[in-house]
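Peer 1: So the chains spell out like this:
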Amino acid sequence: MNANTERTTKSEQGYRRLLRHLRKQKEAENIGKTIDNKTNRDQPK
Amino acid sequence: MERLSITKLIVISQNESSSLEVPFGGGLNIIYGGNKTGKSSIIKSIFTAFGCECRHIEDEWKALISSYIVFFQYGDDLYCIVREKNEFHIFEDRKQQFSCLFSTTHYHEYSNILMDILGINMPCVSKDGKEFNITPPLLFRFQYIDQDDGWHKIGDSFSNVGYIKDWAANTNKYICGYLDERYYSLRAQMIQLQIRKDEIKLELQHNKQFVERLSTALQMADNIGNPEQLESHLKNLINTLDADRNHQIELRERISTFENDIFVGQQKLHMAQNSMQETQDDIEFAMEQDEVLICPTCGAHYQNRLSEQLNISSDFALNEKLLFSLSQKSNELSAELKQLQKEYILLQEKVLQTSIEINQTKDLLSYTSFYRNEGKKELYDSCLLQLDELEVQFESQISNIASLDEQVKELRSPKRSKRIKEEIEGYCREMASLIDIPKSFIKLRDFVQVINKTGSETPRLVYMYQTALYNYNLNRADSPFNFLVIDTPNQQGQDEIHLGNIHNSLNNFLSTDGQVILGTERETGLESSATHVMQLQEKRRCLSKKNFDKHQKFLDMLLEKGRHWVRENHEQMNNSKI
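Protein sequence lines, in the order shown, are assigned to chains A and B.
Residue numbers for the first sequence, in my numbering: 1 to 45.
Residue numbers for the second sequence, in my numbering: 46 to 623.
Calculated from the structure, these hints are not laboratory results.
It is possible that some hints are incorrect.
Claimed, not checked - Just a few of them, taken from the derived set where beta-carbon distance is under 7 Å, the chain B residues facing chain A:
no.	residue
1	Phe255
2	Asp327
3	Ala331
4	Leu351
5	Glu353
To be verified - Taking lysine-lysine and the DSSO-like style, the derived pairs with C-alpha atoms no more than 27 Å apart in a straight line are:
no.	chain 1	residue 1	chain 2	residue 2
6	B	Lys198	A	Lys24
7	B	Lys595	A	Lys10
8	B	Lys366	A	Lys24
9	B	Lys595	B	Lys140
10	B	Lys421	B	Lys460
11	A	Lys10	B	Lys313
12	B	Lys466	B	Lys484
Virtual Cβ for every residue (Gly too), placed ideally from N, Cα, C.
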């Protein structure tokens, strides 16, 4: 029972870490995109 | 006041080395002579010597006479005045021993001294606001009926009066005794009392303020009780202060702990809030993802189904509970901190008050303070006494002023004015019946006969009034108004009958209590009853060389005394200046 719960908790923790990692990554990508857009827009043609 | 009687007149001409001496006595004095024999000039010289400037005086006479000397008796005392142009010298005559009383070229100085001698005090004000005593031309204005205009106007023979404010109205009232010496003296007293009253009022106010200040300072001293009690009170105060200060330190510590706890709590709250936001973002992100999540690093697969998402949501609910509990605790801590801070401020105030009280108590306990308070107490007691005295004085001044005011009001009462007017009218009626003036002509305004008639009645009306006023004053009291000078009735357009009546009326002025000096060109029939009769014979030659040397010597003697007086007084004045 204990080994079972431990495994579940580990798996759940892994799921949560991944979820947050992916979210942060996406947020970082979004921020990078915003900056690129802004830079392109501001560059003289 | 006393009766004033002219005893002698001497006029001297230096140019012609000639002089004239005219003696006068009580009763009727007659200067008898034809036209241009010098009667009027002699009469005018009496007034000139006194300092009255007659409106009409012959230039020839003015140029001729260099010195005027008039001798007069006032009560039992004899005086003489020497006038040379603007110089006046007043002498007292004690059995022919003359001593100078005053010598001046300032008219008002002379006039004030003469009025002092006569005991007269009627304050006058010039039109430019200068104050001085009544002057001779105002005092004697009703005692001269001059031959020029005097029989047509009343009391207007002298020119040096116009610069004095309200001269006519004021002297009218003074000379008939309505607003007399007593009135002016009461008024002067009232002014004095009012000044004193104002001074006392000011003193009273200052003292009251001073006493109030002392009283506040002493109030504390009165509350001391005995020094032992004060010492134990001081000990208690110090103990209280110590206890309060310790309590203050404790409170400060507790406040610090609370502040720390609140800070920590707020940090936790902040973290919890942050974590909640993250969890909420995770849930929202998870809902957007596929049912399986693949780790881009290790390739591990994780289920992302509704059940996994609900697990995260239950964490969110737990987090929310934690947030609520943390926030509640933080609020509780803040409220408690506020209470402690309030307590601390109150205690701080208490400590401050106790410190002040300790200082005051220490101050009260010190010896210097003890003696200072004792001194203050003595001062306070004596000030209170003085305050009482001042209040009594102030009250008495007020009642004195009120009583004087009553007296002044009584003097000024219309009833009194009416009585005086009626008395003068009585004397007027007496004279009117003697000189054939209808009684209906008698009309006094401001105590003076109104002159509104023309023809030969006007001079008789003037004569009636001025002789009536003379008789009224003669019977009223001893005064400087007890002499009268009448110049040349026969030139006033009267027919024989009226002139005869005027001459007959002179019978009324034989009393030696008073003095009437009459200038006339005609015999009056009373020459034998007159005290003195002087007959002038030659035209323009009333002066003679006969007594010139004697008169000049006498004048020199007087002037020398005058100069001596000036020297002495100048020395005194200079010394007093030093």
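Peer 1: For every hint, state whether the structure bears it out.
Peer 2: Consistency of the hints with the structure:
Interface restraint check for phenylalanine 255 of chain B: the shortest CB-CB distance to chain A comes to about 84 Å, outside 7 Å, so the restraint is violated. At its closest, the beta carbon of aspartate 327 of chain B sits 5 Å from a beta carbon of chain A; the interface hint therefore holds under the 7 Å criterion. Proximity of alanine 331 of chain B to chain A holds as hinted, the smallest CB-CB distance being about 6 Å (cut-off 7 Å). At about 13 Å, the closest approach between the beta carbon of leucine 351 of chain B and any beta carbon in chain A exceeds 7 Å, and the interface hint on this residue is violated.
Against a cut-off of 7 Å between C-beta atoms, the interface hint on glutamate 353 of chain B holds, since the closest Cβ of chain A lies about 6 Å away. Restraint check for lysine 198 of chain B and lysine 24 of chain A: the C-alpha separation of about 130 Å exceeds 27 Å, so the hint is violated. With a C-alpha separation of about 161 Å, the suggested pair lysine 595 of chain B and lysine 10 of chain A falls outside the 27 Å cut-off, and the hint is violated. A distance of roughly 26 Å separates the Cα atoms of lysine 366 of chain B and lysine 24 of chain A; the hinted pair therefore holds under the 27 Å criterion.
For the hint linking lysine 595 of chain B to lysine 140 of chain B, the alpha-carbon distance of about 18 Å falls within 27 Å, and the restraint holds. Of the supplied pair hints, the one linking lysine 421 of chain B and lysine 460 of chain B is violated, its CA atoms being roughly 58 Å apart against a limit of 27 Å. Between lysine 10 of chain A and lysine 313 of chain B, the direct Cα distance comes to roughly 26 Å. Compliance with the 27 Å bound is thereby established for this hinted pair. Distance restraint check for lysine 466 of chain B and lysine 484 of chain B: the Cα-Cα separation of roughly 15 Å lies within the 27 Å cut-off, and the hinted pair is therefore satisfied.
Violation of the numbered hints given earlier is confined to hints 1, 4, 6, 7 and 10; the remaining hints are satisfied by the structure.
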